[in-house]
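Asker: Sequence:
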Amino acid sequence: MSTIFDSTAAVVQHWSRIANELSIPPSAILSTSHGRRTIDVLRIHAPHLATKEYVHHVESLIPTLYAADATILPGSAPLIASLTAAHAPWAIVTSGTRILVSSWMAAMALPLPDHLVTADDVVDGKPHPECYRRGLAKVFGLPYDGDGRDTAALDALDASRVVVFEDAPAGIRAGKAAGCTVVALVTTHSRQEAVDAGADWIVKDLSCVKAVNADRSGVELEITGERVAR
Numbered sequence: 001m002s003t004i005f006d007s008t009a010a011v012v013q014h015w016s017r018i019a020n021e022l023s024i025p026p027s028a029i030l031s032t033s034h035g036r037r038t039i040d041v042l043r044i045h046a047p048h049l050a051t052k053e054y055v056h057h058v059e060s061l062i063p064t065l066y067a068a069d070a071t072i073l074p075g076s077a078p079l080i081a082s083l084t085a086a087h088a089p090w091a092i093v094t095s096g097t098r099i100l101v102s103s104w105m106a107a108m109a110l111p112l113p114d115h116l117v118t119a120d121d122v123v124d125g126k127p128h129p130e131c132y133r134r135g136l137a138k139v140f141g142l143p144y145d146g147d148g149r150d151t152a153a154l155d156a157l158d159a160s161r162v163v164v165f166e167d168a169p170a171g172i173r174a175g176k177a178a179g180c181t182v183v184a185l186v187t188t189h190s191r192q193e194a195v196d197a198g199a200d201w202i203v204k205d206l207s208c209v210k211a212v213n214a215d216r217s218g219v220e221l222e223i224t225g226e227r228v229a230r
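Residues in the sequence shown are numbered consecutively from 1, following full-length UniProt numbering.
Because the hints were derived from the structure by calculation, they are not lab data. The structure presented is a predicted model; accordingly, all values stated were derived computationally and were not measured. Incorrect hints may have been included.
Claimed, not checked - Here are the simulated lysine-lysine pairs, DSS-like style, with alpha carbons at most 30 Å apart:
#1 K138 / K204
#2 K210 / K138
#3 K138 / K52
Stated by the list, open to error - Restraint-style ranges between C-beta atoms, simulated for each label pair:
#4 D215 / P25: 34 to 42 Å
#5 D69 / A229: 19 to 27 Å
#6 A153 / S82: 27 to 35 Å
For every residue, glycine included, the Cβ atom is placed at its ideal position computed from N, Cα and C.
Work out the full structure: start from the sequences and follow the hints.
Answerer: See below:
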């Protein structure tokens, strides 16, 4: 969600609290957590806590305890407003749970899109492409097998027409593996990390992105940034 708002300080406090409770150095968890599902991070550091019940509990606390530490990133509110007003197709694909993303968007007074893919919906988290494959299926109204197997219709889709905005290397890799065009925001990681992960474009934040000719059928984007040569 660090493409829409900066919750880094909140997440650091969240994981630091959990690490201290588990007598684990916070740096050990923080070095593996960004862009990944909480349940996947817990499987590494505290397998006995890697349950949906525990994840939902701790993630439900984050916006309540640390809302003051999160801020809307430049450009995100205007872009979301323009997409919403035009009834354009867009989705949020996040490693957070549904309760977490819903709570954060409400705290930031931002509308949720019609299409949402969260940690609750996938078997394999980022950098696996499942989350973005599911996002594509939702946006284009295509079926997606409950076991994670793609249908022929989804395989035939030209996913490069779909733009993914990501800030974390794991998410960038997931978007590229799904066949999408990935615009990397250097809000949490360096330009080089984004390039190494395979990003197609590099921008500072969403203030560098404008939606033009947006309607129910799609969106044309105007991007002011660096096109990565491959």
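Asker: Out of the numbered hints, which ones does the structure contradict?
Answerer: Numbers 4 and 5 - these are the hints that the structure violates, sorted from lowest upward.
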